[in-house]
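Number of protein chains: 2
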Amino acid sequence: MKAFVVVLTVICNVVAEFKGDTVHWIWTCNLNEERCEKSAASPVGAEGSSVYTSPTVCRLTCGKYGALWPQPTIATALTHQLVEVHPDNFFFELEYQQVDFNDFLEANKKIFIQNLRKECGGDCSLQTNTKVTIYITITNPDLTLNLYTNESYTLEILTRADFVSVKIYADNAFGARHALETLSQLVASYSTPERRVGLVMVAGARIHDKPVYVHRGLLLDSARNFVSLSSIKRQIDGMAASKMNVLHWHLTDTQSFPFESRSVPQMARYGAYSSDMTYSVEDVEEVVGYGKVRGVRVLLEVDAPAHAGSGWQWGVQEGLGKLAVCVDKQPWRKFCIQPPCGQLNPINPNVYVVLGNLYSELMQISKESDMFHMGGDEVFIPCWNSSLEIRDYLIAQGKSQLLTEDFLDLWSHFQKTVLKTFDERTGRDASIVLWSSKLTTPDVITKYLPKDRYIIQTWVPASDTLPSDLLNLGYRLIISTKDAWYLDHGFWGNTRYHDWRTAYDNLLPNDRGVLGGEACMWGEYVDGGGLDLKIWPRAAAAAERLWSNPTSNAGKAEIRFYRHRERLIARGIKADAVSPRWCYQNEGECV
Amino acid sequence: MKAFVVVLTVICNVVAEFKGDTVHWIWTCNLNEERCEKSAASPVGAEGSSVYTSPTVCRLTCGKYGALWPQPTIATALTHQLVEVHPDNFFFELEYQQVDFNDFLEANKKIFIQNLRKECGGDCSLQTNTKVTIYITITNPDLTLNLYTNESYTLEILTRADFVSVKIYADNAFGARHALETLSQLVASYSTPERRVGLVMVAGARIHDKPVYVHRGLLLDSARNFVSLSSIKRQIDGMAASKMNVLHWHLTDTQSFPFESRSVPQMARYGAYSSDMTYSVEDVEEVVGYGKVRGVRVLLEVDAPAHAGSGWQWGVQEGLGKLAVCVDKQPWRKFCIQPPCGQLNPINPNVYVVLGNLYSELMQISKESDMFHMGGDEVFIPCWNSSLEIRDYLIAQGKSQLLTEDFLDLWSHFQKTVLKTFDERTGRDASIVLWSSKLTTPDVITKYLPKDRYIIQTWVPASDTLPSDLLNLGYRLIISTKDAWYLDHGFWGNTRYHDWRTAYDNLLPNDRGVLGGEACMWGEYVDGGGLDLKIWPRAAAAAERLWSNPTSNAGKAEIRFYRHRERLIARGIKADAVSPRWCYQNEGECV
Chain A
1 MKAFVVVLTV
11 ICNVVAEFKG
21 DTVHWIWTCN
31 LNEERCEKSA
41 ASPVGAEGSS
51 VYTSPTVCRL
61 TCGKYGALWP
71 QPTIATALTH
81 QLVEVHPDNF
91 FFELEYQQVD
101 FNDFLEANKK
111 IFIQNLRKEC
121 GGDCSLQTNT
131 KVTIYITITN
141 PDLTLNLYTN
151 ESYTLEILTR
161 ADFVSVKIYA
171 DNAFGARHAL
181 ETLSQLVASY
191 STPERRVGLV
201 MVAGARIHDK
211 PVYVHRGLLL
221 DSARNFVSLS
231 SIKRQIDGMA
241 ASKMNVLHWH
251 LTDTQSFPFE
261 SRSVPQMARY
271 GAYSSDMTYS
281 VEDVEEVVGY
291 GKVRGVRVLL
301 EVDAPAHAGS
311 GWQWGVQEGL
321 GKLAVCVDKQ
331 PWRKFCIQPP
341 CGQLNPINPN
351 VYVVLGNLYS
361 ELMQISKESD
371 MFHMGGDEVF
381 IPCWNSSLEI
391 RDYLIAQGKS
401 QLLTEDFLDL
411 WSHFQKTVLK
421 TFDERTGRDA
431 SIVLWSSKLT
441 TPDVITKYLP
451 KDRYIIQTWV
461 PASDTLPSDL
471 LNLGYRLIIS
481 TKDAWYLDHG
491 FWGNTRYHDW
501 RTAYDNLLPN
511 DRGVLGGEAC
521 MWGEYVDGGG
531 LDLKIWPRAA
541 AAAERLWSNP
551 TSNAGKAEIR
561 FYRHRERLIA
571 RGIKADAVSP
581 RWCYQNEGEC
591 V
Chain B
1 MKAFVVVLTV
11 ICNVVAEFKG
21 DTVHWIWTCN
31 LNEERCEKSA
41 ASPVGAEGSS
51 VYTSPTVCRL
61 TCGKYGALWP
71 QPTIATALTH
81 QLVEVHPDNF
91 FFELEYQQVD
101 FNDFLEANKK
111 IFIQNLRKEC
121 GGDCSLQTNT
131 KVTIYITITN
141 PDLTLNLYTN
151 ESYTLEILTR
161 ADFVSVKIYA
171 DNAFGARHAL
181 ETLSQLVASY
191 STPERRVGLV
201 MVAGARIHDK
211 PVYVHRGLLL
221 DSARNFVSLS
231 SIKRQIDGMA
241 ASKMNVLHWH
251 LTDTQSFPFE
261 SRSVPQMARY
271 GAYSSDMTYS
281 VEDVEEVVGY
291 GKVRGVRVLL
301 EVDAPAHAGS
311 GWQWGVQEGL
321 GKLAVCVDKQ
331 PWRKFCIQPP
341 CGQLNPINPN
351 VYVVLGNLYS
361 ELMQISKESD
371 MFHMGGDEVF
381 IPCWNSSLEI
391 RDYLIAQGKS
401 QLLTEDFLDL
411 WSHFQKTVLK
421 TFDERTGRDA
431 SIVLWSSKLT
441 TPDVITKYLP
451 KDRYIIQTWV
461 PASDTLPSDL
471 LNLGYRLIIS
481 TKDAWYLDHG
491 FWGNTRYHDW
501 RTAYDNLLPN
511 DRGVLGGEAC
521 MWGEYVDGGG
531 LDLKIWPRAA
541 AAAERLWSNP
551 TSNAGKAEIR
561 FYRHRERLIA
571 RGIKADAVSP
581 RWCYQNEGEC
591 V
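Protein sequence lines correspond, in order, to chains A and B.
UniProt numbering numbers the first residue of the first sequence as 1 and each following residue consecutively.
UniProt numbering numbers the first residue of the second sequence as 1 and each following residue consecutively.
Only chain A is shown next, with the shape it has when bound in the complex (with noise of 0.2 Å):
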């Protein structure tokens, strides 16, 4: 009951905004239809119902998931009471002695906090007594993140006169982070006609959550364009805002090899577009440890063989050969699928020794990962087969006639020499990711490539087959349909962009052999001024389908995307506009 009146209280600050000159404008919520309704305030019928000044406010607990993004999985009640909080007053207890208050925790505490702050536009001018006390109670110490961590979580708020308390029980630190990135998406901000600002949270909820899918991924691209670090971390506080899980870091391409290598310094002298777009070694560890903290695990690619040629050419005045083939080669339509051209050259053992020293110095940088990315997709066979050395090599083993196939088997040669490469330099066994190719074809796949060993990122279109013929030889996949997920579309060719309800509504195959899907940012027509725009709010809501994966599509999803959106701006990162504000405004009367 107490509850209550502090809602009324602060309806009553909000509500004078409008007075005097201007129209009052009111939100009230249609609770069949979910959806918080705009109309021009009348006194007499706001009296004794929950009115708000802004659809903001109303969102927070209209519709069973008020303004919670992505929407819980098993349990989720929230009341439509609020109340009053302040970024000062947050506490927090660790429940479970077992487990300290590590460096993980303390973070994200700050991050709540900070988060809470930003909600206000950083200005959370208005007090309260209110204390709010987070009790967290996790039973298992281990901060390992990887394939196998658990995410789950329960979150509980219960408010008794100006104390609210908070329970969050999770396994693991990494469930408790996400607990809290529920409870800052209870938390909306309001302001006064002072334009004071203020911050309101639901009084009570009870949450129990976990995600469908266990590899949430953004595939970020540093290579076509160079991207700052600054940028690739606004990047990862999107995603921990739409709980994804993993940062694909495609680090290396054809164009540019930024990646600064102790053990390999030529790869970035000659690959890097310049001195000052490199990624060093602690920089990649920024970027790991950055994502640690928010749930966000890197997994870091080398595509290899094709792909590969900024950062390749210094091999023969080294002495070591042809390190890469066709590099930089034209007319490039003969040689390659897009500028420049080059390719590794897979009959030079120093090949290997490089990639053997590079797969050795990321493995140390991502210490905890049980996952690398190879690449391998796109091998040109015109590339290979105009190289003398290549054509010589596959004649003298009899393969004269050059066929598509000895191309293949060479190619299939190289990926194995690289897997035990990766293995004798690295001593860890993680799974292997490649992108599907003409070497994991249903036809052909488990001749090249381990199921045991091998997880599959296939990059078709919706209505390709070959998910679901892969899955049924027992492969385990990362989905990235191309039609849906992949951010670069409309931006060049004959490709369409994807809007978000393309992206939301986009099915994975109904098998467990799924682990997830990944989002794809290629980066040939975006740098860091435009990820922003071009990654979100567009990539939350694969994010939504990969935890969730609702059976509803996102007509239903609309309203809550919506708010999701501004709180992507609050939080600084520059997510496009998916509507006229007016819709934002007027729920569910653009549908």
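None of these hints come from the bench; they were simulated from the model.
Fair warning: there could be bad hints in the mix.
Pairs involving identical chains hold if they fit within one copy or between any two copies, as the list cannot separate such chains.
Claimed, not checked - Listed below are the simulated DSSO-like cross-link pairs for lysine-lysine, each with C-alpha atoms no more than 27 Å apart in a straight line:
no., residue 1, residue 2
1, Lys233, Lys118
2, Lys38, Lys322
3, Lys110, Lys399
4, Lys167, Lys118
5, Lys329, Lys399
6, Lys447, Lys210
7, Lys38, Lys64
8, Lys334, Lys38
9, Lys556, Lys329
10, Lys451, Lys118
11, Lys292, Lys109
12, Lys329, Lys438
Mind docking chain B on chain A? Use the hints.
Relative to chain A, chain B alone:
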């Protein structure tokens, strides 16, 4: 000769950057192909020829038009020599004593120097003794900016020892502004191994230039989503850099009415998204002033009678009757093209009083403007037909069948009345711009809209004959080719994104009635955070079409266009990436 020595100094400085650990990349101009070619430095090969350590410096003088955007139209000659310059060492002299250094020129001196500093990334740490004096000769002191402003200019650069003389000749200050913009494009930054940054300028040049079209516009929509003043100004910066001269400000629409009219304050009170999301009279004046200094006039639009709803709801309660009909009516598809619905009530005389007040205020703000935009697109007959009041009116006029023509006549009655109101209230016989519509079809337009008074803005696809039909009838046109210059396309419905090449290759009908064209950034799916990326650099492609109207196509412009994109970035405009950086560093290799 001395100038050439200066060049060599620069080169020596910069080549040193790659000494020691790293690779020396150099760029040389292939004079035949007019492109800068990248290669690993070879001390022997480089000797005596013009070699550069960045594509940006090489680009300055490579090819007839170097790094200029848009390309000059009458004469362009650039030497290959460069000279080191510094923003502190530029001096201005006004040659023709009848003209003062007015505020306009003072402001443009500052903008010019600022742009040089931005080119250095804010820190031009490399000093030089070279002194640059800019002599400006203007014969016409008139500072009115309108459709008839003469924008031509001549620019000459001559370097002797460490003294550079720049001569600018123009009819008026707006032409001189264009000359300064061109001059700033003859400057590029370079950096030393110690990461100190300096500027080099083309040491000799003679350019004579004037635009092909007098109306080179960009439409901004501040009604679907609110756009802050700073975001609007940033677009003007981009326009000034690309020599566009009209900001078409689509100020109001059905979704919101952000203009805080002093005479009709109800409009924004009812129609703004919030009390923060408004433009005061001073705000609009600020934009007009900011534009003028940059050679950009502001064409204000109040769309009517359709695209009007928010802001017009207060008539009944204030005793003025219904000002708009079918406002926010659902299901919207029955009453309008896009939610929310709303259309002015043409039979309520108070509508004209309100519009008259708005016209009067807005024409006072844009004091010099010889144009006003009255919108006039997408009148939706079922909306008017759903109003009993309007139907009774038509029936009383003997139009009981309520034919389409009856509604068109009503619309034309509306248009005649608002024109009369405009004339009475503003006392200015400004040209009135209207969007093409059912009133502007070739078979009826002469009945409804006198061609000496109206300019038609066509927004049909390139294949549509409407523009040539209207030109044959003697109308003046502003052309916004829907399938080339609609920058919102690709993000909604079945529309496709039009890339910069499509925008560039969009030829306008060859007829003197074509005043020019506009790229249109409709606001449903963009707000301040995304404007830069969705507008730039594509609008700059339209800008060169409109200024230079070259006989060549985008392929020929690509290298300069990539450079201009970098320039926009340097100036603080977050222009989208249009290629992997590799293509910028390897000119012509991605074709």
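Checked hints:
{"no.": "1", "hint": "Lys233 <-> Lys118", "verdict": "both (16 Å within a copy, 26 Å between copies)"}
{"no.": "2", "hint": "Lys38 <-> Lys322", "verdict": "between (68 Å within a copy, 20 Å between copies)"}
{"no.": "3", "hint": "Lys110 <-> Lys399", "verdict": "neither (63 Å within a copy, 70 Å between copies)"}
{"no.": "4", "hint": "Lys167 <-> Lys118", "verdict": "within (23 Å within a copy, 52 Å between copies)"}
{"no.": "5", "hint": "Lys329 <-> Lys399", "verdict": "within (25 Å within a copy, 74 Å between copies)"}
{"no.": "6", "hint": "Lys447 <-> Lys210", "verdict": "neither (37 Å within a copy, 67 Å between copies)"}
{"no.": "7", "hint": "Lys38 <-> Lys64", "verdict": "within (19 Å within a copy, 60 Å between copies)"}
{"no.": "8", "hint": "Lys334 <-> Lys38", "verdict": "between (60 Å within a copy, 21 Å between copies)"}
{"no.": "9", "hint": "Lys556 <-> Lys329", "verdict": "between (51 Å within a copy, 22 Å between copies)"}
{"no.": "10", "hint": "Lys451 <-> Lys118", "verdict": "neither (45 Å within a copy, 54 Å between copies)"}
{"no.": "11", "hint": "Lys292 <-> Lys109", "verdict": "within (14 Å within a copy, 50 Å between copies)"}
{"no.": "12", "hint": "Lys329 <-> Lys438", "verdict": "within (23 Å within a copy, 55 Å between copies)"}
When the structure is compared with the earlier hints, violations turn up for hints 3, 6 and 10 and for no others.
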